[in-house]
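Residues per chain, in single letters:
There are 2 protein chains.
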Amino acid sequence: MDKKLPTEPYKGVRDFYPEDMAIQSYIFNTWKKTVETFGFERYDASILEPADLYKSKGAVNAEMVNDQTYTFIDRGEREVTLRPEMTPTVARMVAGKHRELSFPLRWYSIPNLFRYERAQRGRLREHWQLNCDIFGIEHYTADVEIIALAHQLLIDFGATPDMFEIQLNNRAEMSQIFAGLGITEPEVINEITRLNDRKKKITTEEYETALLSIVGDTALVNQIQEKLNCQNDTNEVLEGLKTLGINNVKIDRTIARGFDYYTGTIFEIVDTDPSNNRSMLGGGRYDNLLKMFKDESVTGIGFGMGDVTMRDFLETHNLLGAHITKTAPTLVIIPTDSDRNLDSQKIAHLFRQREVKVSVDLSNKKIGKKISDAVNRGATFALIVGPDELNSGNFTLKNLAFETEESGTIDTLLTYLISHTT
Amino acid sequence: MDKKLPTEPYKGVRDFYPEDMAIQSYIFNTWKKTVETFGFERYDASILEPADLYKSKGAVNAEMVNDQTYTFIDRGEREVTLRPEMTPTVARMVAGKHRELSFPLRWYSIPNLFRYERAQRGRLREHWQLNCDIFGIEHYTADVEIIALAHQLLIDFGATPDMFEIQLNNRAEMSQIFAGLGITEPEVINEITRLNDRKKKITTEEYETALLSIVGDTALVNQIQEKLNCQNDTNEVLEGLKTLGINNVKIDRTIARGFDYYTGTIFEIVDTDPSNNRSMLGGGRYDNLLKMFKDESVTGIGFGMGDVTMRDFLETHNLLGAHITKTAPTLVIIPTDSDRNLDSQKIAHLFRQREVKVSVDLSNKKIGKKISDAVNRGATFALIVGPDELNSGNFTLKNLAFETEESGTIDTLLTYLISHTT
Chain P
1 MDKKLPTEPY KGVRDFYPED MAIQSYIFNT WKKTVETFGF ERYDASILEP ADLYKSKGAV
61 NAEMVNDQTY TFIDRGEREV TLRPEMTPTV ARMVAGKHRE LSFPLRWYSI PNLFRYERAQ
121 RGRLREHWQL NCDIFGIEHY TADVEIIALA HQLLIDFGAT PDMFEIQLNN RAEMSQIFAG
181 LGITEPEVIN EITRLNDRKK KITTEEYETA LLSIVGDTAL VNQIQEKLNC QNDTNEVLEG
241 LKTLGINNVK IDRTIARGFD YYTGTIFEIV DTDPSNNRSM LGGGRYDNLL KMFKDESVTG
301 IGFGMGDVTM RDFLETHNLL GAHITKTAPT LVIIPTDSDR NLDSQKIAHL FRQREVKVSV
361 DLSNKKIGKK ISDAVNRGAT FALIVGPDEL NSGNFTLKNL AFETEESGTI DTLLTYLISH
421 TT
Chain U
1 MDKKLPTEPY KGVRDFYPED MAIQSYIFNT WKKTVETFGF ERYDASILEP ADLYKSKGAV
61 NAEMVNDQTY TFIDRGEREV TLRPEMTPTV ARMVAGKHRE LSFPLRWYSI PNLFRYERAQ
121 RGRLREHWQL NCDIFGIEHY TADVEIIALA HQLLIDFGAT PDMFEIQLNN RAEMSQIFAG
181 LGITEPEVIN EITRLNDRKK KITTEEYETA LLSIVGDTAL VNQIQEKLNC QNDTNEVLEG
241 LKTLGINNVK IDRTIARGFD YYTGTIFEIV DTDPSNNRSM LGGGRYDNLL KMFKDESVTG
301 IGFGMGDVTM RDFLETHNLL GAHITKTAPT LVIIPTDSDR NLDSQKIAHL FRQREVKVSV
361 DLSNKKIGKK ISDAVNRGAT FALIVGPDEL NSGNFTLKNL AFETEESGTI DTLLTYLISH
421 TT
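Chains P and U, in that order, are what the protein sequence lines are. Mapped onto the working numbering, the consecutive letters of the first sequence carry residue numbers 1 to 422. Mapped onto the working numbering, the consecutive letters of the second sequence carry residue numbers 1 to 422.
The following block holds chain P by itself, in its conformation from the complex (with noise of 0.2 Å):
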């Protein structure tokens, strides 16, 4: 006896089968159809990438190259990676025909990204993400407009303001706190950024240790924590956004973004709700990401929004309906027995040439265990083929959901059918 393979999938990643693959597509055409009402247009590229994409200064942070991609020597001795992020990809995009592109560009891809990361809850090694970037417009109502964009997904999805907060900072006006704290140190400046990242995740006194051991003054350690706390602080991205009626958003001088590449506004979304209280969305403004291609630069500003805090938001709000299941044919079509098999075949056809799904049984069941299947499937319709009604030309339509029936020629219980469904 042959030994068997295990039927699971790697470590880390998901199957879809269709009850899945139906959330998952739902939240992927819910995405398309808000960015593309705001104008947005899909491009796409391999998850193959040239490794070097990644070990350039300030593409990524330094962990996710060292310790979490999956790179690997391909048998023509290149080195190649699977993309971790979208961003680098969309930059080498950009600037491959920065000349012939038509700027500003509002791009979105909805790319699967793959990390090497330790199995736990909630951390997988693939996962999707919607990625929404604007090119070439250094007004700040371009960040105006790609918070609104995050904002309206998540309304888009059902969800209300209060079930999350935009969190909203700014790279450039942190560095003047920072001048105005006498710390201009491009290095020490990054090393406080990183911190604030992590603050949320380690105490109070932890903080202030490792803060100290960076700046080296208790006075000062204090003066950068007052200006972190400042409550009243606004810009004009915060003001753009209120007069659109988009009050959920605060500043909060803690956001740092895990990427050394922003130069502007930064931005986070979090979920308001304390059982799954973290960041859904991420983004920022960018001005030098051509420069590891070109001496040219194009300013951009967008972000990014994984498929599985996506999924989660959803089912803490209770935001993911019944109505999201897998896709049922509108009508099953039942042969009496296998030789009525290629007649009901012929009728599938008219009726999917008027786009109705359809599936025919092919089963060698009793018909009775055919109508109880379709109903299972959650069909709407069952038409019985049989030689009576080949013969006669006279069928009949069983409505499954209110067990009524209609009869008639097939083109008028087409006629029936159509008029019932739409």
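Keep in mind that a hint or two might mislead.
Copies of the same chain look alike in the list, so a pair counts if it fits in one copy or across any two.
To be verified - Heads up, simulated DSS-like pairs for lysine-lysine below, C-alpha to C-alpha not over 25 Å straight-line: (1) Lys369 x Lys346; (2) Lys97 x Lys291; (3) Lys326 x Lys32; (4) Lys346 x Lys32; (5) Lys346 x Lys370.
Read the hints as simulated data drawn from the structure, not as lab findings.
Got chain P sorted already, so can you dock chain U onto it with the hints?
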């Protein structure tokens, strides 16, 4: 000066700029629409699979496993393969929930697949493939359905039956033919089958020499060729397709299919245009796929259809109309200056709530340039937002295609626009 990175993608894979993505989306959407009218449900899985999945005898042909997969060792010492085809994955998934799933299943997926190929025209290292399978129906009308679906997929792109031909064969019938010639050893039959798979790519002389070296008897070589050339063969699948009005189909005894796991019907669809004379789609029936995982057997029949060959077919027959262009906004809102950007964004929100695709021009270009940009982007309407409009509440909507104008309140213009776009 830093060394600049190249902007090309990794060798053998494609970037999808919005123009290309529009075509890719058109192909995927058309596939999706057609297969769903046949009652198929979508599933998906990760591109990462345990390498063992492809090493089992009969899973994939040996050449692919040894020379053509992307296989590497992950940081946890697991051997991982980027899936080269979807069938082993779907077999794994079906085996994994064999007891819970309600058969028959009609499942489809549009996965990307990876093969390490030497770079040459049309031979990419990553491509997408529509995979459709019916599991759990033995009756030959399931074979008819899956081939009728493949046929309909091409028809729904605007193809006519003369543009392609369905070539049909059957592994079990081939075994009978070989048995009639006294050839019963499975390894010999496999060798002949693999040779037949290459028949169209080699000369008749090369074919005969190779066949002779397998069977060792010139008389037998002639008998085999006679059987393979038999033009009048028929079977119930062929007759079933003709009953459904599908006549661009013939039995071709040389159709072999690369994979060893087929057990019954096998088929290919080829482009009849001499300039694109190749197989676009192939599939067949298999009964033993689950045996790698379980002591259970489920019969299945399916096919795979690639995006690259699909696009080549559509281009060869001029079926990619000019209407397949990247998504343009229906409306571009044009602020007269940047101080009107926020007001324009507020107005955009009203249109977006009615599912209108709206882009707000946030640049600091002059109004005339903004209008010509909107025209170039393919927008249908433009709305000017300046101090006069905001004060009076009276706006002007330009129909860019017809060069007409409509004036009124935002409400009036919204109603007008919606009635003129649906």
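Requested in this report: First find the shortest C-alpha distance between Lys346 and Lys32 inside one copy, then the shortest across copies, and answer within, between, both or neither for a cut-off of 25 Å.
Outcome: between (36 Å within a copy, 21 Å between copies)
Query raised in the report: How would you classify Lys369 and Lys346 at a CA-CA limit of 25 Å: within, between, both, or neither?
Result: Result: close within a single copy only, 22 Å intra versus 56 Å inter.
**Report entry** Within, between, both or neither, where Lys346 and Lys370 count as close if Cα-Cα is 25 Å or less
**Finding:** Classified as within; 19 Å inside a copy, 54 Å across copies.
Query raised in the report: 25 Å Cα cut-off: does Lys326 pair with Lys32 within a copy, between copies, both or neither?
Result: This pair counts as both: shortest intra-copy Cα distance 19 Å, inter-copy 14 Å.
Query raised in the report: How would you classify Lys97 and Lys291 at a CA-CA limit of 25 Å: within, between, both, or neither?
Result: This pair counts as within: shortest intra-copy Cα distance 14 Å, inter-copy 50 Å.
Comparing the model with each numbered hint stated earlier shows that all of them hold.
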